[in-house]
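Spelled out from the first residue to the last, the chains are:
Protein chains: 2
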Amino acid sequence: MNLKDIKITDRFWSGKIELIRNEVIPYQWEILNDRVPGAAPSYCMHNFRAAAELNRRKKEGRDYTEPVYTFRGFETLPEDPSDPKEDEFYGFVFQDSDFYKWIEAVGYSLMTKPDPILEKTADEAIDIVCSAQADDGYLDTYYIINGRDRCFTNLRDHHELYCLGHLIEGAIAYFEATGKDKLLIAARRYADHVFERIGPEKDKIHGYPGHEIAEMALFKLYRTTGDIRYLKLSEYFIDERGKEPLYFYLEHPETDASSDPFKYYHQSHLPVRYQDEAVGHAVRAVYLYSAMADLAHHNNDEELKSACERLWDSITSEKMYITGGIGATHIGESFSFPYDLPNDTAYAETCASIGLVFFARRMLEIRPDRKFSDVMELALFNGILSGIAVDGKSFFYVNPLEVIPEACHKDGRKAHVKPVRQKWFGCACCPPNLARLIQSIGKYAFSETEDTLFIHLFMGAELKKNGVDIRIDSNMPGSGKVTIKTNNPGNSLTIAVRIPSWCTCPSISGSDPFKTENGYMYFDIPHSTSTITIDLPMIPGFVCADPRVTEDKGKVAVIRGPVVYCAEEADNGPSLASLHVDTSVIPEEEISDEPESETVFLRVHGKKVTDSREGSDYVSKLYKTFSGTIEEEKDIRLIPYRLWANRGEGEMRVFLNV
Amino acid sequence: MNLKDIKITDRFWSGKIELIRNEVIPYQWEILNDRVPGAAPSYCMHNFRAAAELNRRKKEGRDYTEPVYTFRGFETLPEDPSDPKEDEFYGFVFQDSDFYKWIEAVGYSLMTKPDPILEKTADEAIDIVCSAQADDGYLDTYYIINGRDRCFTNLRDHHELYCLGHLIEGAIAYFEATGKDKLLIAARRYADHVFERIGPEKDKIHGYPGHEIAEMALFKLYRTTGDIRYLKLSEYFIDERGKEPLYFYLEHPETDASSDPFKYYHQSHLPVRYQDEAVGHAVRAVYLYSAMADLAHHNNDEELKSACERLWDSITSEKMYITGGIGATHIGESFSFPYDLPNDTAYAETCASIGLVFFARRMLEIRPDRKFSDVMELALFNGILSGIAVDGKSFFYVNPLEVIPEACHKDGRKAHVKPVRQKWFGCACCPPNLARLIQSIGKYAFSETEDTLFIHLFMGAELKKNGVDIRIDSNMPGSGKVTIKTNNPGNSLTIAVRIPSWCTCPSISGSDPFKTENGYMYFDIPHSTSTITIDLPMIPGFVCADPRVTEDKGKVAVIRGPVVYCAEEADNGPSLASLHVDTSVIPEEEISDEPESETVFLRVHGKKVTDSREGSDYVSKLYKTFSGTIEEEKDIRLIPYRLWANRGEGEMRVFLNV
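Chains as they are written, first to last, in this note's numbering: chain U, 1 to 658; chain A, 1 to 658.
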């Protein structure tokens with residue numbers, strides 16, 4: 001289903017899409033061009049220009065000597081920041097990808113709302129990017145500028161194939177939006193070049209990406225162009241990964257495999273088909289699993305499907321925060337061991353939750369099951385939207401479930417946890433990832449098979465399938481009433497609607513489903529106009545974690561439908577750890593049009609428990625003999641987790657004491 | 001009061017002293033000589049031999065060229081571990097200090113129990129160490145072997161003055177024990193050399209130690225020799241520290257002061273007299289404060305006394321675990337911010353608590369106040385003795401208050417926390433520090449002024465003061481009954497006895513104190529035989545932390561006198577986080593002669609609380625709607641914290657849920 005054919009009319013999601021369109025995309029363009037005062041320069045467009053300039057000099061045969069590569073660190077900064085040299089590379093080794101993520105978001109934006117000025121800016125930028133490409137198709141400015149002699153010699157740590165992946169995804173989106181294929185051709189040329197250099201043949205490199213994404217991008221390129229070489233290359237990357245002898249150790253003989261702390265970081269410790277547990281860098285992992293799901297589905301590869309299911313279960317049954325956040329430790333931005341889900345030192349990177357959505361969406365292609373779409377919805381409404389401020393101007397990379405600002409400022413163990421959103425990041429993956437996801441949200445809400453339209457997420461939208469006009473109205477996440485109006489001139493169509501697991505008493509009217517399977521109700525659409533009304537009552541409730549999650553023992557999270565709530569200091573004063581909720585009283589709802597339309601706040605009954613402090617000092621005044629507690633009744637006001645940290649700095653807590 | 005004049009007859013402490021004498025000192029000697037199979041070589045004696053060999057060659061004028069220094073890292077290991085070169089330096093830059101700590105413990109051991117074989121070994125080792133000394137008195141094998149041209153150019157990171165400090169302390173102990181002054185002369189020569197190189201004069205280096213200890217050692221050397229230069233040098237180190245321009249930044253222009261993460265690490269950010277908060281590396285800090293207290297007392301320096309009091313209060317009122325552990329973060333092995341005392345990621349290094357005892361003991365010289373001695377006792381019975389196994393064969397560096405072994409093994413954030421004691425450490429500071437403290441415990445129990453004997457800690461002992469024979473009997477930490485028998489031929493003597501703050505109902509018989517001040521009762525000793533009986537009932541109780549200690553909210557620790565208790569998995573099964581104690585029932589005592597004589601275990605009434613898990617899944621099976629809890633009555637068995645981890649690996653917890 002093409003994004004162009006889905007018109008999002010939803011109040012909630014349209015707001016987010018507009019925010020990306022009006023705030024994030026323009027701001028990001030300024031960032032890419034180092035024009036934001038106070039923000040660290042990106043050097044992204046600078047690098048494309050520098051590579052283009054070198055290409056020109058080379059062609060003209062003057063002022064040019066082939067550079068000899070020397071490693072200068074993963075981030076290169078100009079010696080004199082006020083005067084970057086026009087022919088040098090700056091920034092992180094993967095800086096090119098910032099443009100590719102931007103152009104992808106631009107593509108999706110243009111699909112739903114044409115904007116000639118934006119398109120012109122994009123076309124001009126594409127011209128620069130394409131002039132940076134080498135004659136043989138290679139396109140990574142880091143090596144073009146610093147020396148091609150060593151390209152593809154550090155697949156583990158450098159990001160040439162990562163940049164290829166994002167280039168492909170950006171190029172396809174822009175092509176689909178505008179029909180313009182200049183960037184797509186560049187992407188194909190680079191992919192063709194990689195195909196010549198890496199693969200199973202004897203004279204090729206037998207490696208794979210250190211940061212996965214090319215796998216799913218190449219699959220998409222194959223779907224877009226029909227060129228089977230891209231499918232083959234994607235399959236090669238998937239199946240070569242983790243085969244003995246392990247490529248990354250061949251590439252890096254200086255690394256001792258037996259004591260390598262990054263053994264699992266790249267998910268390359270074992271062939272992916274044999275992996276059971278989600279490990280290593282969380283973003284890398286879910287990007288890999290997404291590609292595995294693509295190939296498993298396309299090739300009807302049962303072994304790979306099983307691996308995908310196992311890895312899905314490993315994440316969602318043992319390693320996922322209730323917010324849909326994944327990656328419990330900042331060490332390697334990685335999954336921790338099962339049930340280790342600390343709230344205050346969580347990593348839970350916005351990008352990782354976005355990658356989880358990618359994975360979920362692809363699993364739904366294999367088989368529609370609400371276990372995938374429930375998680376997709378959970379991640380979207382919580383751990384992903386928490387990544388962007390309501391005004392669209394600042395972002396979270398890390399999405400903790402518990403914050404005491406003083407600890408973030410003063411305790412090095414929490415230095416990665418920011419109590420307020422940041423303007424931008426040197427390593428700017430999350431904001432553009434948010435941009436491209438939100439701009440293409442329709443692709444996640446709906447999918448289709450030949451005879452069926454699947455509704456995975458509830459949002460107001462108009463679309464057409466098999467000649468049937470479909471109009472969906474929804475108020476989510478405000479309330480759970482959904483209507484699906486169809487106008488069918490006489491075709492055959494099934495609509496399958498997810499009934500979320502959080503809803504224990506759905507009521508359906510207007511039509512009866514002919515079957516319910518894996519959480520989806522299947523409706524035959526009559527040859528006329530019809531309306532199906534689905535009411536999914538969103539009753540606030542309390543949720544507890546598996547008892548093996550030590551951090552959450554004796555605590556509950558408050559939820560309403562797929563929305564997870566949190567307490568903030570702004571509403572409840574400091575020392576949130578003293579609050580206890582009364583789970584016998586159903587939380588009260590409080591509806592407001594601020595900061596989002598129809599925002600539902602909750603008020604739970606509870607108490608504040610403090611030590612009486614009447615005991616005598618024990619050794620020092622820091623400790624006192626216990627003299628009982630003072631309990632004070634207190635209503636606790638909760639806000640949707642996605643909205644935390646929009647009112648300045650303060651404490652925040654998702655799991656509250658019972 | 002000379003250690004030789006204190007005869008420890010105490011059952012508990014004699015056992016510990018014997019353990020050090022019979023287990024730790026001989027084992028450590030083997031370690032120093034790289035003769036323990038399976039343990040990482042120390043290279044300590046190797047380095048002294050290598051330096052001695054180079055000195056010999058230099059004198060003989062053959063096979064010797066003056067080495068030119070090149071930095072090769074803080075730890076140098078042989079290229080071929082099976083064949084270390086006889087003229088190279090190996091191990092950490094501060095490796096010499098291992099011998100000095102050993103000889104200090106040997107000295108104390110010989111004071112209380114002669115051992116001609118041990119003394120012969122020590123004499124031979126001292127011969128080697130002294131032949132390593134350079135002609136000009138310099139004695140640090142790292143630079144003697146690697147090149148003297150750069151000595152004293154990295155006071156911040158290298159440990160030449162740290163080694164000087166430990167050399168002095170070891171030499172004095174050995175001299176006091178045996179009367180042999182060979183090592184003491186070597187220590188003086190090195191101190192004299194430093195005096196010539198560092199100091200306020202224009203042509204000298206205006207620096208100070210990166211790791212404090214020389215300050216207190218030089219003061220001790222002044223007290224031992226009467227040579228005022230050592231006092232001056234100690235004072236210089238104290239007063240120069242933290243003066244602008246900061247020496248460590250002059251020494252290291254490559255370090256940017258404005259972004260230096262180690263700004264507070266060395267306590268050199270501000271002149272020590274103006275410091276209010278205990279910061280940075282905890283061991284370094286308390287070693288510095290100890291020297292400050294020495295000088296403040298000796299010079300009757302009121303400003304310095306005030307600084308000591310402020311820093312004492314900063315530690316004990318805001319930054320000390322209930323076990324007497326200090327240093328809440330492994331990042332820089334440092335103090336964290338006030339009230340940040342996480343139980344599971346604690347650093348609480350054994351050495352830091354030992355240093356806190358050094359500091360406390362010196363504050364007691366300034367003014368006797370139980371606020372100092374109470375902490376000294378608390379640290380000894382908990383966070384220090386926890387550092388050594390009951391069999392004396394393994395050691396903790398880090399002393400956490402909560403352990404889940406799986407997390408220590410799998411979570412990099414807790415990699416510093418070991419769930420079982422280790423045989424030895426590459427950086428072997430804690431075991432020898434334990435050895436020297438325990439072997440000299442009598443110095444901490446008692447102090448004197450002209451007319452008064454102070455009893456700070458309760459332990460069986462025989463000593464003489466002003467011609468009065470004093471015999472103390474005590475059963476601590478088994479019970480709190482103390483008798484003090486005196487036989488006074490007719491002299492004037494006051495005995496001042498600490499009444500611990502943990503004891504709310506002491507009873508005294510046999511004599512009445514003529515005054516009570518700052519927690520000490522002062523008794524006139526009659527001209528005859530007399531007995532003072534002091535009963536300090538040790539009633540088990542519950543203690544809570546200041547409410548600003550977030551980690552301990554809703555929790556209590558169980559104590560009995562100065563002994564802090566903990567729950568272990570071995571007694572209570574796993575999932576200690578599910579246990580809740582009933583604070584309304586006084587814990588029952590259970591006395592056993594294992595593993596230490598008269599060990600008191602406790603049994604507290606409580607319950608085990610688990611979620612009913614009857615709710616339905618919320619999005620994934622990791623989360624369920626809350627359906628209440630199941631409470632099961634349960635007696636919880638507690639053991640003294642110092643005895644944890646003597647029965648294999650398992651969970652442990654000090655602070656328990658109420």
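Derived by calculation from the structure, the hints in this document are not laboratory data. Predicted, not measured: the structure shown is a model, and the values here were computed from it. Among these hints, one or two may not hold up.
It does not matter which identical chain is meant; a pair holds if it fits inside one copy or across any two.
Heads up, simulated DSS-like pairs for lysine-lysine below, C-alpha to C-alpha not over 27 Å straight-line [claimed, not checked]: (1) K410 - K393; (2) K608 - K624; (3) K243 - K263; (4) K232 - K423; (5) K634 - K553; (6) K263 - K410; (7) K418 - K553.
> With identical chains treated as interchangeable, where does the CA-CA distance between K243 and K263 reach 27 Å or less: within a copy, between copies, both, or neither?
Replying inline: within (14 Å within a copy, 47 Å between copies)
> Given identical chains, is K634 near K553, meaning Cα to Cα at most 27 Å, within a copy, between copies, both, or neither?
Replying inline: both (22 Å within a copy, 18 Å between copies)
>> For K608 and K624, with the copy left unspecified, which applies at a CA distance of at most 27 Å: within, between, both, or neither?
In response: both (20 Å within a copy, 25 Å between copies)
>> Treating 27 Å as the Cα threshold, decide for K263 and K410: within, between, both or neither.
In response: between (31 Å within a copy, 13 Å between copies)
> How would you label the pair K418, K553 (within, between, both, or neither) given a Cα cut-off of 27 Å?
Replying inline: Classified as both: same-chain Cα gap 25 Å, cross-chain 23 Å, threshold 27 Å.
> Taking 27 Å as the upper bound on the Cα-Cα distance, should K232 and K423 be classified as within, between, both, or neither?
Replying inline: neither (41 Å within a copy, 53 Å between copies)
> When no copy is specified for K410 and K393, does a C-alpha distance of 27 Å or less occur within a copy, between copies, both, or neither?
Replying inline: Within one copy only: 26 Å inside, 37 Å across.
Of the numbered hints stated above, the single one contradicted by the structure is hint 4.
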